Amino acid sequence: MSELITHQVSVLLGTVPLYAVNRITLNEQYALPQVGDKGLSQATSKIIRSVQIEAVLIGDDRQIVRLGLEQMADLSKTLPLVSSIVSGIPMVAGLTTLLDMQVDSLNFSQSAEEKEVITVSISLKHCPRPGLSALLGSVVNAAAAIVGSGSLKSATPRSL
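At position 156 of the sequence shown (counting the first as 1) the number is 210 in my numbering, and the numbers step up by one without a gap.
By construction, these hints were calculated from the structure, which means they are not laboratory data. Note that the structure is a prediction, hence the values are computed from the model and not measured. Incorrect hints may appear among the rest.
DSS-like mimics (lysine-lysine), calculated; alpha carbons at most 27 angstroms apart, straight line [claimed, not checked]:
| # | residue 1 | residue 2 |
| --- | --- | --- |
| 1 | Lys131 | Lys100 |
| 2 | Lys179 | Lys131 |
| 3 | Lys100 | Lys179 |
Beta-carbon label-pair distances, calculated as ranges [to be verified]:
| # | residue 1 | residue 2 | range |
| --- | --- | --- | --- |
| 4 | Ile112 | Asn81 | 23 to 29 angstroms |
| 5 | Val140 | Lys100 | 16 to 22 angstroms |
| 6 | Leu66 | Pro134 | 18 to 24 angstroms |
| 7 | Gln88 | Leu121 | 44 to 50 angstroms |
| 8 | Val140 | Glu170 | 35 to 41 angstroms |
| 9 | Pro134 | Gln62 | 29 to 35 angstroms |
| 10 | Glu168 | Ala85 | 40 to 46 angstroms |
For each residue, glycine too, the CB sits at the ideal point set by N, CA and C.
Model the full structure from these sequences, guided by the hints.
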């Protein structure tokens, strides 16, 4: 028998916690230089990252979380306009930690069978500014990956 845990945050998107995340997908696309390019172009090619999150909003505060996600989407678009350093909101998850994420789309749905549940699909794009901000984001992502892999060593399979 499985139990839904609603007190541990699965993904933190800006300041909005998501507790019941069904799936998170990280897509990394590498821009490869032309074959035969000279210099360090092979080592410095650009990585384009996008994240897809599938979650359910449950409990009495599900409408507040929905509104919070909409505010984070708006904030992710306006931060680059008002700041020369920050170009989006942070996303912290077990899979990856990325700074400077922008919400590409939010899709909410609700069914007649489950009126107490809102299903959300979130598409995010990583939009770091070049230079120090991109370097800091890479360091944070690498540190989170190292710490996360250390905690996986003692993990045991969950029985249903």
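Each hint, compared with the structure:
1. In summary, the hint linking Lys131 to Lys100 is supported, as the alpha carbons are separated by about 22 angstroms, within the 27 angstroms threshold.
2. As the CA atoms of Lys179 and Lys131 are separated by approximately 11 angstroms, the hinted pair is consistent with the 27 angstroms bound.
3. Between Lys100 and Lys179 the CA atoms are separated by roughly 14 angstroms; this keeps the pair inside 27 angstroms, and the hint holds.
4. In this structure the hint that Ile112 and Asn81 lie 23 to 29 angstroms apart at CB holds, the actual value being about 27 angstroms.
5. Evaluation of the 16 to 22 angstroms hint for Val140 and Lys100 yields a pass: the beta carbon distance comes to about 20 angstroms.
6. Leu66 and Pro134 have their C-beta atoms about 20 angstroms apart, which keeps the hinted 18 to 24 angstroms range intact.
7. Distance hint check for Gln88 and Leu121: the Cβ-Cβ separation is about 47 angstroms, which falls inside the suggested range of 44 to 50 angstroms.
8. Separated by about 36 angstroms at the C-beta atoms, Val140 and Glu170 satisfy the suggested range of 35 to 41 angstroms.
9. Distance hint check for Pro134 and Gln62: the Cβ-Cβ separation is about 31 angstroms, which falls inside the suggested range of 29 to 35 angstroms.
10. Roughly 42 angstroms separates the CB atoms of Glu168 and Ala85, a value that falls within the hinted 40 to 46 angstroms.
No hint from the list above goes unmet by this structure.
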